[in-house]
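Going line by line, the protein sequences match chains P and C. So in the working numbering, spot 55 of the first sequence is number 55, and the numbers just go up one at a time. For the working numbering, add 285 to where a residue sits in the second sequence, where the first one is 1.
Be aware that a few hints might be false.
Which residues of chain C face chain P? A few of them, derived with a C-beta cut under 7 Å, are [said to hold, decoys possible]:
1. A377
2. L426
3. V457
4. G459
5. P463
6. S530
7. V531
8. L532
9. L535
10. L539
Computed Cβ-Cβ distance ranges for the label pairs, DEER-style [unchecked claim]:
11. Q54/P <-> I451/C: 34 to 44 Å
12. E55/P <-> S345/C: 35 to 45 Å
13. I301/C <-> Q54/P: 24 to 34 Å
14. R231/P <-> I451/C: 54 to 64 Å
15. R205/P <-> G325/C: 25 to 35 Å
16. F304/C <-> Y45/P: 49 to 59 Å
17. D419/C <-> L77/P: 52 to 62 Å
18. L270/P <-> R545/C: 51 to 61 Å
19. D419/C <-> D180/P: 32 to 42 Å
20. T369/C <-> Q54/P: 23 to 33 Å
Quick look at which bits of chain P chain C covers, simulated, 3 or more residues with Cβ under 8 Å [what the hints assert, rightly or not]:
21. 60-70
22. 80-91
23. 247-260
FYI, nobody ran anything at the bench for these hints, they're computed from the structure. Using N, Cα and C, we set each Cβ at its ideal position, and we do this for glycine too.
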Amino acid sequence: MVRATNNRAWLLVLPALVLIIASAGLPLMAVINYAFQDVFPGDNYFWVGTTWFQELLNSSQFRWALARSLLFCLLVLAIELPLGIFIALRMPGKSRLAGFYIILMCIPLLTPWMVVGLVWKLLINVETGLLGSALAAIGLVYNLENPVVAWATIIAMDVWHWTSLIVLLCYAGLMSIPDDYYRAARIDGASKWSIFRYIQLPKLRRVLLIAILLRFMDSFMVYAEPFVVTRGGPGTATTFLSVELVQTALKQFDLGRASAMGVIYFLIMLAVSWSLFKVMMKPAD
Amino acid sequence: MRQMHKKSRQSIVPAIYVFLLMVPIYWLINMSFKTQYEIGSQVTLWPHNPTLFNYAIIFSDPSWYLAYMHAAIYVLMNVAMSITVALPAAYAFSRYRFMGSRHMFFWFLASRMTPPAVMLVPFVQVFSELQLIDTHFAVALAHCMFTVPIAVWILEGFISSVPREIDEMARVDGYSLPRFFFRILIPQIAPGIGVTAFFCFMFSWIELLLANALTTINTKPIGPIMGRAGGLVGGVHEGLLSAASVLTILPGVLMIFFVRNHIARGLSLGQVK
């Protein structure tokens with residue numbers, strides 16, 4: 001669609017821009033400000049240049065936290081995307097049943113982060129939880145002290161919480177494919193796989209990119225789930241970047257270091273999202 | 286033909302998936318109706334002595350039920366603020382090309398990329414300076430950071446699906462822009478506004494980290510109070526915490542019920558047409 005050029009349209013965007021600057025812009029500027037300074041008691045600020053960044057990039061603690069966050073992100077996407085697409089493909093067409101499924105699928109999406117942690121804690125409790133006590137009955141102990149179990153738990157929580165988002169997105173994408181496409185494919189004798197590969201997948205490209213974008217942003221900053229369930233442990237096995245950041249900022253009051261971490265965080269996120277956005281905004285073929 | 290297409294998609298997979306999703310929720314509801322004695326003594330698949338005791342505690346103690354009220358107030362304020370500013374912005378992005386319009390559309394989303402954890406300290410400082418700490422407005426404003434971009438994205442999709450001939454016809458008929466918005470555009474995209482409200486509601490409702498940091502006494506939302514009541518660790522308050530959790534999920538379920546038919550489209554941020 002051709003859009004008219006009109007710079008007065010700026011006026012329409014202005015209120016939204018002001019709110020975003022007030023809510024995200026100002027604090028972000030403060031973060032950047034802190035990242036280059038050191039604070040001493042009595043409001044004494046010293047310019048320290050890139051010291052914090054150098055220190056962070058040389059710190060194995062930070063690099064490990066970053067690696068864990070990235071790995072978590074990749075694992076979660078690798079599970080949620082195929083699973084979400086698969087379920088969306090198997091969803092019934094527009095019907096009461098589909099509406100019913102959708103309502104139930106939204107329930108995890110609407111559960112506050114903290115509550116997700118609590119729900120799972122109740123489920124895996126060895127003495128009182130459904131899963132924990134069932135495993136105990138067959139002789140297995142649900143042991144969060146085992147790093148593999150701790151990771152599996154947090155990943156399962158995230159899959160439970162967010163796979164529905166991908167299902168719903170893909171479902172919306174599939175619903176927008178006109179029936180004629182399928183009819184034509186049938187006449188050509190296309191296999192199920194080629195229908196998926198050449199009709200459904202291209203149509204899903206846009207929604208999938210949105211799904212990846214949203215899931216990437218949220219899973220990269222996963223915080224509440226490890227905080228509630230494992231507290232970053234055992235050891236530092238589930239100390240993700242965000243956990244590390246909050247500890248640095250609020251427990252050690254090391255604002256400079258925490259802010260530098262925040263800036264690096266933001267830059268990574270920005271770079272990945274920008275490339276995804278570029279791909280997404282290319283006209284679909 | 287349609288029949289066949291439908292049949293080929295009927296499958297047990299979504300049923301299994303939904304069933305698994307509901308297991309933790311079932312357990313939560315189950316626990317919320319149990320007495321602490323029953324929780325402590327044995328694992329039961331349904332409450333043998335169902336009790337409303339846990340809910341009674343919440344509804345009789347102002348520090349509990351007011352926490353829900355506070356959350357509801359800032360969430361509703363946030364929804365109202367987000368939609369009010371996002372509607373004209375989405376209209377501008379949908380209809381016009383202007384200086385920086387392409388890039389700004391991305392930068393709007395960029396503010397959703399700032400992890401709340403990063404923003405905790407500066408938020409508290411900025412809002413203290415503005416004397417806004419411990420007000421509903423502070424939380425509503427802070428949540429705008431991620432609800433406004435989402436609202437703009439979703440509404441842009443919906444507005445773009447309204448033919449622009451309607452704009453021109455209204456202009457010819459002498460409608461002013463505000464009048465056009467209220468009389469023509471808003472009724473046209475009413476379902477889109479419903480979905481947008483749902484998403485702002487969802488993202489604001491589930492965020493408790495910022496909400497907790499920006500409030501102290503008068504406007505504490507529910508999550509931190511749950512944390513205080515049981516240290517979020519199992520033990521003596523499991524029934525109560527379960528009941529409190531059920532009550533955090535309930536408002537969302539009501540919201541879904543009203544917008545269920547438009548949800549999938551809104552989820553794709555209006556990009557599916």
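Okay, the hints, checked on the actual structure:
no.: 1; hint: A377; in the structure: holds (4 Å)
no.: 2; hint: L426; in the structure: holds (5 Å)
no.: 3; hint: V457; in the structure: violated (16 Å)
no.: 4; hint: G459; in the structure: violated (19 Å)
no.: 5; hint: P463; in the structure: violated (11 Å)
no.: 6; hint: S530; in the structure: holds (5 Å)
no.: 7; hint: V531; in the structure: violated (9 Å)
no.: 8; hint: L532; in the structure: violated (10 Å)
no.: 9; hint: L535; in the structure: violated (9 Å)
no.: 10; hint: L539; in the structure: violated (10 Å)
no.: 11; hint: Q54/P <-> I451/C: 34 to 44 Å; in the structure: violated (57 Å)
no.: 12; hint: E55/P <-> S345/C: 35 to 45 Å; in the structure: violated (52 Å)
no.: 13; hint: I301/C <-> Q54/P: 24 to 34 Å; in the structure: violated (51 Å)
no.: 14; hint: R231/P <-> I451/C: 54 to 64 Å; in the structure: holds (55 Å)
no.: 15; hint: R205/P <-> G325/C: 25 to 35 Å; in the structure: violated (53 Å)
no.: 16; hint: F304/C <-> Y45/P: 49 to 59 Å; in the structure: holds (57 Å)
no.: 17; hint: D419/C <-> L77/P: 52 to 62 Å; in the structure: violated (38 Å)
no.: 18; hint: L270/P <-> R545/C: 51 to 61 Å; in the structure: violated (34 Å)
no.: 19; hint: D419/C <-> D180/P: 32 to 42 Å; in the structure: violated (58 Å)
no.: 20; hint: T369/C <-> Q54/P: 23 to 33 Å; in the structure: violated (45 Å)
no.: 21; hint: 60-70; in the structure: violated (count 0)
no.: 22; hint: 80-91; in the structure: holds (count 5)
no.: 23; hint: 247-260; in the structure: holds (count 5)
In summary, the structure is inconsistent with hints 3, 4, 5, 7, 8, 9, 10, 11, 12, 13, 15, 17, 18, 19, 20 and 21 from the numbered list given earlier, while agreeing with the others.
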